[in-house]
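Q: Based on the sequences and whatever the hints tell you, model everything.
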Amino acid sequence: RKEVEQDPGPFNVPEGATVAFNCTYSNSASQSFFWYRQDCRKEPKLLMSVYSSGNEDGRFTAQLNRASQYISLLIRDSKLSDSATYLCVVNPPNQGGKLIFGQGTELSVKP
Amino acid sequence: GAGVSQSPRYKVAKRGQDVALRCDPISGHVSLFWYQQALGQGPEFLTYFQNEAQLDKSGLPSDRFFAERPEGSVSTLKIQRTQQEDSAVYLCASSQRGAATGNEQFFGPGTRLTVL
Chain Z
6 RKEVEQDPGP
16 FNVPEGATVA
26 FNCTYSNSAS
36 QSFFWYRQDC
46 RKEPKLLMSV
56 YSSGNEDGRF
66 TAQLNRASQY
76 ISLLIRDSKL
86 SDSATYLCVV
96 NPPNQGGKLI
106 FGQGTELSVK
116 P
Chain L
662 GAGVSQSPRY
672 KVAKRGQDVA
682 LRCDPISGHV
692 SLFWYQQALG
702 QGPEFLTYFQ
712 NEAQLDKSGL
722 PSDRFFAERP
732 EGSVSTLKIQ
742 RTQQEDSAVY
752 LCASSQRGAA
762 TGNEQFFGPG
772 TRLTVL
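Line by line, the protein sequences give chains Z and L.
Okay, so the first sequence: first residue is 6 according to our numbering, each after it adds one.
Okay, so the second sequence: first residue is 662 according to our numbering, each after it adds one.
No wet-lab data here; the hints were simulated from the structure.
Quick caveat: nothing in here was measured; it's all calculated off a predicted structure.
Please note that a few of the clues may not be correct.
With a Cα cut of at most 35 Å, we get these calculated DSBU-like pairs of lysine-lysine [claimed, not checked]: (1) Z:K47 with L:K718; (2) Z:K84 with L:K739; (3) L:K672 with Z:K7; (4) L:K672 with Z:K50.
A: The following block contains the structure:
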């Protein structure tokens with residue numbers, strides 16, 4: 006079983022749609038969680054950290070369910086510019102900050 | 662300010678050749694990471710430095726892979742006797758602090774290695 010699992014998609018949605026991505030992780034002791042965004046042929050960039058209480062940044066909402074070892078990202082009112090691959094990322098404990106990435110979920114927002 | 666830079670951006674090697682990939686982290690960043698990203702996959706951890714010390718090399722796929730950061734800034738990832746399965750994008754990332762979870766990592770643009 007992979008340490009971090011995501012549905013690879015692709016998700017094809019119209020502008021203005023709401024889309025949700027899910028992710029599960031295997032190490033129950035993991036403490037830090039992130040969503041990174043990666044545009045085609047570019048490097049990953051931090052989109053947002055994920056906190057236990059859930060957090061929101063504009064149109065983006067991230068949720069963490071520790072009991073189920075499940076992380077989600079909700080994007081409201083999708084824009085064309087949201088088209089990218091979204092990577093679920095976990096920081097396992099006591100491993101010096103290395104990141105474990107999911108496969109990534111591809112999102113394509115169409116006009 | 663300047664971000665993480667990597668060179669070369671593209672490298673084509675014949676099977677069996679040795680290659681060296683360079684990473685210049687953000688100035689003053691303590692931690693440096695190397696990741697390998699195959700097509701259609703997420704990045705996979707290779708190795709981690711805190712200053713000049715290589716604290717974790719558990720992700721290096723074979724003894725053909727070697728990384729160094731001798732002065733605690735620039736790092737080089739060397740691959741000896743390249744094989745076709747080494748074809749991937751090699752990403753370098755740095756973070757400001759050391760040995761702590763939760764620090765944001767800033768990625769370079771990567772080196773795309775193609776082994777023929």
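Q: All hints, please: hold or fail.
A: Each hint, compared with the structure:
Distance restraint check for K47 (chain Z) and K718 (chain L): the Cα-Cα separation of roughly 25 Å lies within the 35 Å cut-off, and the hinted pair is therefore satisfied. Taken as a hint, the K84 (chain Z) and K739 (chain L) pair is broken in the structure, with Cα atoms around 41 Å apart against an allowance of 35 Å. Pair hint K672 (chain L) plus K7 (chain Z) holds up; C-alpha atoms about 30 Å apart against a cutoff of 35 Å. A threshold of 35 Å between alpha carbons decides the hint, and for K672 (chain L) with K50 (chain Z) the separation of about 23 Å falls inside it, so the pair holds.
Of the numbered hints given earlier, the model fails hint 2 alone.
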